[in-house]
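Enquirer: Based on the hints, put chain B in the right spot on chain A.
There are 2 protein chains.
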Amino acid sequence: MPHHKQSENALLQKIRRAFPEGASARRGDLARLRRNSLHLAIGDDAALFRPTPGHESVLTCDWFLEGTHFLRDKHPADSVGWKSLARAISDIAAMGGTPRCFLLSLALPQDATGTWLDAFLAGLRRASKRFDCVLAGGDTTRRDEILISVTVIGEIAISRALRRDGAKPGDLIYVSGRLGEAEQGLRILRKQRGAARRSDSRLRKHLYPEPRLALGSWLSANHLSNAAMDLSDGLSSDLPRLCDASGVGALLYATKLPIALDAGKDGVDLALHGGDDYELLFTIPRSSEKRIPASFQGVPLTQIGEITNTRKLVLIDLQGRRKTLRPQGWDSFVPAAFCLPR
Amino acid sequence: MPHHKQSENALLQKIRRAFPEGASARRGDLARLRRNSLHLAIGDDAALFRPTPGHESVLTCDWFLEGTHFLRDKHPADSVGWKSLARAISDIAAMGGTPRCFLLSLALPQDATGTWLDAFLAGLRRASKRFDCVLAGGDTTRRDEILISVTVIGEIAISRALRRDGAKPGDLIYVSGRLGEAEQGLRILRKQRGAARRSDSRLRKHLYPEPRLALGSWLSANHLSNAAMDLSDGLSSDLPRLCDASGVGALLYATKLPIALDAGKDGVDLALHGGDDYELLFTIPRSSEKRIPASFQGVPLTQIGEITNTRKLVLIDLQGRRKTLRPQGWDSFVPAAFCLPR
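Chains A and B are the protein sequences, given in the same order.
Residues 26 to 367 in our numbering are what the first sequence spells out, letter by letter.
Residues 26 to 367 in our numbering are what the second sequence spells out, letter by letter.
Excised from the complex, chain A in its bound form:
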């Protein structure tokens, strides 16, 4: 039988120190937890979350696995912490919700419980503060590779959630931000030797994505959007999911895509197929066109096409030719070797 009882306790202590408002939930300063409706966090069998009256809970979980979603020798540990939470929060943003708390499932090799874990927790804590989403609990275990699963619990006023299944023929299709930048960042990362330098904005977008929470909330609060989702796998993979859920098709214009500024001739391909952008894809009734500004809080909003009733996905390319749009983005359910590096 194992006699290493203290190791899991030591790991929990480290996590508690990084998230003291969770650790002190049982006694003492509860102000921040209470503000996030959390009434019992790390240290009991389960966490207690008091939902806001008149709101629904928004629930999502995301894998973030060494070798599949990140490489330990390429991705800085604090980026792994930030991104593991940010990408799950992006799903909350895509629903128009507000994140409240998260659960962390963490499996670590012994040699990652020192400086790697410290930097990971620092990045995770930074994201937790930035998005006002507190650690409520989790599970830890030993493993030969780093495994992370994050569950985020958010909230939204009842019946206000942005769903995928409401797009209607004639709707205009929009995206936020510029597409393909995170893919550019991944390519930069792959060419660099050793750990990543963070001076490049495309690299930062790959390492430290910013979920579009304010935009999602604004679309939801103003009843602007018929359908929305976040772009995680790439436009050519994600748009079909929205169309499939809504029982519609789409017509996209390559000339309208907000491509990365210095992407050159790869720009359209990067915008169509690049993953990890965590921008929002949404549709609005044509009658609301004037209510969508050119940018929202500094993030460009670009009309890229329209919803059709054909159930087909068509791209008008740069030469004006009609093409069927085929998914070529990220699909994590393929052998890891095919996924990273791509």
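Don't read these hints as lab results, they were simulated from the structure.
Note that CB positions come from ideal geometry on N, CA and C, so glycine has one too.
There could be a bad hint or two in this list.
Stated by the list, open to error - Simulated coverage check for chain B against chain A, where a stretch passes if three residues somewhere in it have a Cβ under 8 angstroms from a Cβ of chain A: (1) 85–92; (2) 151–164; (3) 178–184; (4) 188–199.
What the hints assert, rightly or not - Across the chosen pairs, the derived CB separations fall in these ranges: (5) A:Lys315 x B:Asp136: 23 to 29 angstroms; (6) B:Ser184 x A:Lys193: 41 to 47 angstroms; (7) A:Lys337 x B:Pro45: 25 to 31 angstroms; (8) B:Ala144 x A:Gly92: 22 to 28 angstroms; (9) A:Thr335 x B:Arg151: 40 to 46 angstroms; (10) B:Arg97 x A:Ile213: 35 to 41 angstroms; (11) A:Lys193 x B:Leu96: 48 to 54 angstroms; (12) B:Ser312 x A:Arg97: 53 to 59 angstroms; (13) A:Leu96 x B:Arg311: 53 to 59 angstroms; (14) B:Lys315 x A:Gln38: 55 to 61 angstroms.
Expert: Only chain B this time, still in chain A's reference frame:
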């Protein structure tokens, strides 16, 4: 770039077929989902869960990893499905809560997407129906080993949760069931060649644990218990956690432990250190002793000792000698080779 877009979609289709009430959330039959307060499940960015007014949400997550928590050639796939959900639900039972829905993070090798996945989903579905806890969503990816993380969302009337931190000196300590049976089951499993036979009750307890939901609810509804938790790592590991949270000590009597019926001279050790029992450990004020029956819905309830104000854990052994109780149970944060088989 990967061109295997269909593989994740195919996996999701299989999961949707196994949990049709989740898949049909967007259209059609919503009765079961609505009864569980779920308003949007599999297929969108996130699930929508409508909490019951006057209730808190109870949140917990648990790893269930090949090689650490189960062995693919020993544990039947349907047991992996059942147990991955049941052990997370046990945390809800320990709080006195009622499970409502769960999220499934699943990573699979290609060779497990056929009959293994079918049997896994059948066991998961059986547990989902048994405990009335519906699949709300999740995340899938490809991996060379089977990785499972389950998050369960439950509910409890506000301020009624059973916590670990309320035990008081003089409280009587109880456990449900007989302790060490699941450990016996694991030993039987290890001795068998090939996949497990399920005729043995101890083996069934290891493979298909039953969270003590009714007991937890009863303790909570009747304000009987000062502190409670579930026994997952073994009494000698879990009791110190309850005592530490409450700032108290405990005195246990080996003669009182509800040992497995045919455990022989190993009985006390198995009861103290055996993991995976998923029974409840709880304390009550001495004045409530007469309100605790000898069994609850067929499950024995046994008084095994009392809470002290010493902050020490003392065992009176079978010979009447006082001994310090040391944790020797399961600690999953040790090298996997040390954990399974034990």
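Enquirer: Among all the numbered hints in the text so far, which are the ones the structure does not match?
Expert: Hints 5 and 14 are the ones this structure does not satisfy, whereas the remaining hints hold.
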